[in-house]
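Numbering (the numbering used here), first residue to last: 1 to 528.
Calculated directly from the structure, the hints in this document are not laboratory data. Incorrect hints may have been included.
[Claimed, not checked] Listed below are the simulated SDA-like cross-link pairs for lysine to any residue, each with C-alpha atoms no more than 20 Å apart in a straight line:
| no. | residue 1 | residue 2 |
| --- | --- | --- |
| 1 | Lys-462 | Leu-421 |
| 2 | Lys-177 | Cys-334 |
| 3 | Lys-205 | Gly-242 |
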Amino acid sequence: MACEQISYRKSTRVGIIGAGMSGIAAAKQLSHHNPIVLEATDSIGGVWKHCSFASTKLQTPRCDFEFSDYPWPQRDNSTFPSYLDILHYLHAYATHFDVLKFVRFNSRVVEIRYIGGGDGRETTNLDVAAGPGEFGPLLSGHPVWEVAVETHPSKTVERYGFELLVVCIGKYGDIPKMPVFPPNKGQEVYGGKVMHTLDYSKLDKEVARELLKGKKVAVVGYKKSAIDLATECAQANQGADGQPCTMVIRTLHWTVPAYWIWGLPFFLFYSTRSSQFLHQRPNQGLVRNLLCPLLSPVRKAVSKFIESYLVWKLPLVKYGLKPDHPFEEDYASCQMAILPENFFSEADKGKIMFKKTPRWWFWNGGLEFEDNTMLEADVVLLATGFEGKKKIQDLLPQPFSSLIVDSSGIMPLYRGTIHPLIPNMAFVGYIESVSNLQTAELRCKWLSRLADGLFKLPSIEKMLDQTSEEIEIMKKTTRFYKRHCISTFSINHSDEICEEMGWKCWRKNNWVLEAFAPYSSQDYGEED
1 MACEQISYRK STRVGIIGAG MSGIAAAKQL SHHNPIVLEA TDSIGGVWKH
51 CSFASTKLQT PRCDFEFSDY PWPQRDNSTF PSYLDILHYL HAYATHFDVL
101 KFVRFNSRVV EIRYIGGGDG RETTNLDVAA GPGEFGPLLS GHPVWEVAVE
151 THPSKTVERY GFELLVVCIG KYGDIPKMPV FPPNKGQEVY GGKVMHTLDY
201 SKLDKEVARE LLKGKKVAVV GYKKSAIDLA TECAQANQGA DGQPCTMVIR
251 TLHWTVPAYW IWGLPFFLFY STRSSQFLHQ RPNQGLVRNL LCPLLSPVRK
301 AVSKFIESYL VWKLPLVKYG LKPDHPFEED YASCQMAILP ENFFSEADKG
351 KIMFKKTPRW WFWNGGLEFE DNTMLEADVV LLATGFEGKK KIQDLLPQPF
401 SSLIVDSSGI MPLYRGTIHP LIPNMAFVGY IESVSNLQTA ELRCKWLSRL
451 ADGLFKLPSI EKMLDQTSEE IEIMKKTTRF YKRHCISTFS INHSDEICEE
501 MGWKCWRKNN WVLEAFAPYS SQDYGEED
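Using the sequences provided together with the hints, build the complete structure.
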């Protein structure tokens, strides 16, 4: 391969792609390196800005979703903030810590090239990616990644050189996951309007209401976005002229009205050290390996206890919405949705209806199902998710693009942040927990200290073994393991991160929220 001499318009040590929640957290923790944050849009906020509806709310109380050094102005355990509250909080955080000065808005990454080795040559040798058994320093003194950035509206392209590149574009948004249909049964034969939630979220509130008002609407899906959409549809169709909204459901999931179960706070069941002791976790040792199978009846009893409350509290049986799988599987895959207060009251009024089917397709007037029944629909809204892994695979060059997702469909990230075979690159926001903000912040602290050389990573082989063990645990816990959720062993996950940094962790409300490091907080921009 011929050598190519590269000159950079911009060069700095650290680059961050994305200014959502994870990108802003990364910028704050790496601020002493003066990072460049490349944001494709004109604002921070990520999915909270660009993929939210009027009714979108946080799934956890605000006190469980805050940065360790920046509490909410009004901190309580009873309210679920709206997406606007989240955006205001994130902007206030970025302003308080002077992070916005690092952000380059309207700067879309169009190409990434690996030029490691210090000689400016592009390489696609997997042996280079794997290294000699050790993961090299994140800040090596010379650019490792070249990033081409298109600036809007000028359409000019600038090239940046980064020693460390932090990818924070997230799993949601940008690329909608669209259903695949048999020939002549796709949306081309349908006479109405089809819209994915990604496009719906861009509509003005009044425009969205007019789209739904007086229309027969089908919402495909049964996760949080679909539930919010159905509720908005019902609210837009109040009165005698209102039409019902039908939810088309392939896979049922457990839904929760509030964080109380039979009068007990929900965190007692899965978010304390004692409750997570019941569950398998990485590096648990011989005794726990022998003990975990014996604790299986206790885990099942906890799940059944919660299920009994939900079946009693909600009309799941009445509407055929009781899942066949245990509650624990939805919790272990971070798919537990908090219901809007009026969801089932609208169903009782006939404004929300349900159709469970494994397969469906279009006909001219609406949707047809596998049981040969048909549904008339003026509008079909697809709450079918996003192609988050394809988004990152399209961004990375080979061979790294084929490495980022393993054969089981999971991103095998050590500590949820580093791919052992991809040098000088980190990923934040790709593992899930009950509080994604706290999960992302702690991993950004870990990444910052790793970049500063305050601790060393284990060998590549040991990191691969660790990620493989985590994936195997997730596979044993839930059939929905591809979401890479650590909720049943999140405290242990955070403990290990703290120990790797040499920190002594402490708990607050049963969460590992912060830790004390054995070095000066002033050196690294930390609050005491």
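Exercise. If you check each hint against the structure, which ones fail?
Worked result: Result: no hint breaks.
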